[in-house]
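> Below are the chains, spelled out letter by letter.
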Amino acid sequence: MKTGILRFPGSCDELDAQLAAQMVGETVMLWHGDRDLQDVDAVIVPGGFSYGDYLRAGAIARFSPVMESVIEFARDGGLVLGICNGFQVLCEAGLLPGALLPNANRRFTFRQVELEVVEGDTKFTSACPPGELLSIPAKHGSGRFYADEATLDQLEAGGQVVVRYRPEQNFNGSLRDIAGVRNAAGNVFGLMPHPEHAVDALTGSTDGLRIFESMRSATQGAYA
Amino acid sequence: MRARVLVRPKQGILDPQGVAVERALPALGFKGVSEVRIGRLIELEIDDPSELESISSRLLANPLIEDFEIELLDDAPAA
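Chains as they are written, first to last, in our numbering: chain S, 1 to 224; chain A, 1001 to 1079.
Do not rely on the hints blindly, as some may be mistaken.
Pairwise CB distance ranges, derived in the manner of DEER restraints [claimed, not checked]:
#1 S:T203 / A:L1044: 31 to 37 angstroms
#2 A:R1004 / S:A150: 28 to 34 angstroms
#3 S:D34 / A:A1027: 22 to 28 angstroms
#4 S:T203 / A:M1001: 50 to 56 angstroms
Honestly, the hints are just simulated from the structure, not real lab data.
All residues carry an ideal CB built from backbone N, CA and C; glycine is no exception.
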C-alpha cells in the first residue's frame, strides 16, 4: 500500500501519520498546493491547524488544490482517512456527514480515550478484535460531532457510526458519543482521536495500528 | 459595494462561547442576562453583490451549523 499524507500550512501530525503508515507500506508527503496524488492507494488527511483554523476548522483547507484531487479520488472509491483536523476538513468538503463544533467543555483537551468499535466490518476497522476497546489519545478544541437528528438516525441505521467514546469519556459533547464516521460508500472515514499516536508501545498503546492494518487489508483486496 | 455578513450558530446548537460569557457576567454585577450567542461579523467590499449568497453559504458559513444574514451598505463611505 502506498499512502499519501497531506501537508497543509499548520499541519502538525503529518509526521506521526507518515510513521504509522510506514509500518504498513510506503508513504509520500503531498503538499497542499499540488494536485498530483502520485498514484497513491490511500490518503491520510492529518491533524493540526490547517490554515490556522481561520473561519472554522477545515473551512479553508477544504478548497486547497490537493483537496480537489482528494475529493475526486474519494468519489472514485479511493481510501481516505481523516484524523482530527483531517476529519474536520473532510466534513467541510462534504465527503463526510456532519460538522465538528467547539468542545462543550470549552477547553482544548488532551487525554487518552477508549473507543468502542461499533462497526468492525469496514475498510478501516477489519483488523480490530471484536468487542475490544481501542485505547488512543484525543487532543482537540473543536471535536463535538454534530448532525441533525434525522441524519444521526440515518448514520446509525446505515452502519456509518464507526467508533464511539464511552459515554463517561465523551468530554467534547459529541452527539450520541460519536467519535468517528464513514461515508455511505465506506471508503472515507474520519475520527477525532489519533490512531497515529498509538502505534508504538513506547507511548503506551499500539491499538491505533489496527486502523492502518485494516487499510492495508482493504487495499490488498480483502474488502475491495 | 460594502457589505456585511452576519454568521450565527443555529438555534438549538450549544454555543460554549456564549455560555462562558453568560456565566462571566454575574461576576461583573450584571444579573439579568441570558441566551448569549456568539457569532461572527464579516465586512467586505464586493464588485458583484449577487455573489454574496454563494460566498456565504460555501465559505463564510457552514449551513449545517450556522445561519447567515447579508447586509448591503450602499451609503457607507468606502474604507
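> Okay, which hints does this one fail, numbers in order?
1, 3
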